[in-house]
Amino acid sequence: MIRLEPAGAEALLLVLADRPDAQLPQRLAQLAEAVRAELGELLTDLVPGWTSLLLHYDLCRTDHLDLAARLTPLLERWLAEPLSVQPGHLHEIPIWYAGADLPEIATACDLSVAQVIELHSSTEYRVGAIGFAPGFAYLGELHERLALPRRATPRTHVPAGSLAIAERQTAVYPQASPGGWHLLGLCPQSFFDVRRTPPCPLLLGDRVRFLPIGESAFRAAGGRS
Amino acid sequence: MSGLRVLKPGPLSLLQDAGRRGWQHLGVSPSGALDGHAAAWANHLLGNPWGTPLLEIALGDVQLRSEVDTWLALTGADLPASIEGQPLPGWSRFPLRAGQCLRLGFARSGQRAYLAAAGGFQAAAVLGSVSAQSREGFGGLDGQGGKLRVGDLLPCAAAHLPRAASVPWPYQPSYRGTPLLRVITGGDAVEFAEEQLQAFFEQGWQLSPQSDRMGARLQGEPLQAPSRQWSLGVNRGAIQVPPDGQPIILQADHQTMGGYPILGWLHPLDLWRLAQSPAQQAVRFTPVSVSDAQAELREFYRFFGR
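These protein sequences, in sequence, are chains E and X.
Residue numbers for the first sequence follow full-length UniProt numbering, so the first one is 1 and each next one is one higher.
Residue numbers for the second sequence follow full-length UniProt numbering, so the first one is 1 and each next one is one higher.
Just chain E, same shape as in the assembly (with noise of 0.2 Å):
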């Protein structure tokens, strides 16, 4: 059941679906190209998040009404539209597995760290949503067994480049940060970076990898620990 609602005076809330679900990045980011493509005008910005896309307008041009109307046709053209088989860009992103919460993991979840770092490095991720801070990408769907709940307590600094793990979500924290997530490895790749074009280079509805190295492959590739 698709809604469209107002969010405070200069935006507007499409709420997409209940849950997400494997397709739904991929269509999402459909669909957000597609609305920036035909009302990009009357748009300040465009947040595709879960399940949801935020449309933050120019109140001196729209308003939620306008925009829900020009919406409507976008949308019915979306629900008809059959799934794209678009792979979607696939980044391989090396990893030192080597985070100050691997221990724990691997005794929360049961496994040895071995097991852990082959269970997370063996899935292919879909980047889910971007958010929270610069280049942060939510990917999914990390393996059932190593869902665990966030930190009770979050830690006050988490340093740039970890790779983290929290319920059924991984990403890598672009910038340090205070974090919840449990500490999984060591990227040494920058993901946000505004000398760039994009600054960021993962979109939503591209696939992720992840590629075990060890500490000198991390060190030769700038990483810093």
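No lab work stands behind these hints, which were simulated from the structure alone.
Where a beta carbon is used, it is the ideal one built from N, C-alpha and C, also for glycine.
One thing to keep in mind: the hints can contain errors.
Stated by the list, open to error - Stretch by stretch, here's where chain E covers chain X in the computed footprint (C-beta under 8 Å, at least three residues):
no. : segment
1   : 15-25
2   : 31-45
3   : 134-144
Claimed, not checked - Examples of chain X residues lying across from chain E (beta carbon under 8 Å, computed):
no. : residue
4   : GLY187
5   : ALA189
6   : ASN235
7   : GLN255
8   : VAL290
To be verified - Examples of chain X residues toward chain E, derived with CB under 10 Å:
no. : residue
9   : VAL28
10  : VAL126
11  : LEU127
12  : ILE184
13  : ARG236
14  : GLY237
15  : ALA238
16  : GLY264
17  : TRP265
18  : LEU266
19  : LEU269
20  : SER291
Following the hints, put chain X in place on chain E, whose structure we already have.
Below, chain X without anything else, positioned relative to chain E:
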């Protein structure tokens, strides 16, 4: 380019404009002036376009020596201001000649003063904006989100205006007293129990000292909030209620996505009043319709030529 030399930067003085637009889908916070009303007047007094880069001065205590003959405008928090011992009226524009020193004392009411220069302060834009975002390390004079430091040069051009001018006094807000802030209910409001929504509007709240440019935290009788599972895009003014029941109102430096349930949104024109309220200030809330808020906001944007 010449400009204003920083002799005393104050505790937190940041270069800001109308904010960073079009990058929220990559997680980039919009930022921008916290009190957009006072910032709009500062630029308007000088004939600057909407969103021209200016200085947001938290609490005051700033000294600047000019290296150029120019014109400035000062609005926002009420603080003692003088040039070479001559006091300046608030909410006005005035000339500052090369060699002269502008002194700003500590704010007597309000939290943030806005200092604009004719033509604006010049700095390299990062992702389309000069707004300093300290958490993400973007914008500002140094391009990395830094605050003003001793010895910095705030670049601005020479300018000449015919005469001094002030904002007409009925338009100069007072930042004293308990503000009554208007709220557009929505979001997850239907999930809240009716008496919880009533409690939000009926009780007085206090502004927590933990408030910052990212969010204003409220303290009061805790609300019982519903739970929300999937993070979604969030915007400025959103009133989030985390599990501890103490609401957080998102401000300019807000994150782009959030998972806490949302009770509603502050009227955008009252968000700017909130930004001028100090820690421990009492605040109260009252409902407003989305169409009333929009009509008023549109009028505001038209007046300032956005």
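For each hint, the structure was consulted:
{"no.": "1", "hint": "15-25", "in the structure": "holds (count 5)"}
{"no.": "2", "hint": "31-45", "in the structure": "violated (count 0)"}
{"no.": "3", "hint": "134-144", "in the structure": "holds (count 4)"}
{"no.": "4", "hint": "GLY187", "in the structure": "holds (7 Å)"}
{"no.": "5", "hint": "ALA189", "in the structure": "violated (10 Å)"}
{"no.": "6", "hint": "ASN235", "in the structure": "holds (5 Å)"}
{"no.": "7", "hint": "GLN255", "in the structure": "holds (5 Å)"}
{"no.": "8", "hint": "VAL290", "in the structure": "holds (5 Å)"}
{"no.": "9", "hint": "VAL28", "in the structure": "holds (5 Å)"}
{"no.": "10", "hint": "VAL126", "in the structure": "holds (5 Å)"}
{"no.": "11", "hint": "LEU127", "in the structure": "holds (6 Å)"}
{"no.": "12", "hint": "ILE184", "in the structure": "holds (6 Å)"}
{"no.": "13", "hint": "ARG236", "in the structure": "holds (8 Å)"}
{"no.": "14", "hint": "GLY237", "in the structure": "holds (5 Å)"}
{"no.": "15", "hint": "ALA238", "in the structure": "holds (7 Å)"}
{"no.": "16", "hint": "GLY264", "in the structure": "holds (8 Å)"}
{"no.": "17", "hint": "TRP265", "in the structure": "holds (3 Å)"}
{"no.": "18", "hint": "LEU266", "in the structure": "holds (8 Å)"}
{"no.": "19", "hint": "LEU269", "in the structure": "holds (9 Å)"}
{"no.": "20", "hint": "SER291", "in the structure": "holds (8 Å)"}
Checked against the numbered hints listed earlier, the structure breaks hints 2 and 5; every other hint is satisfied.
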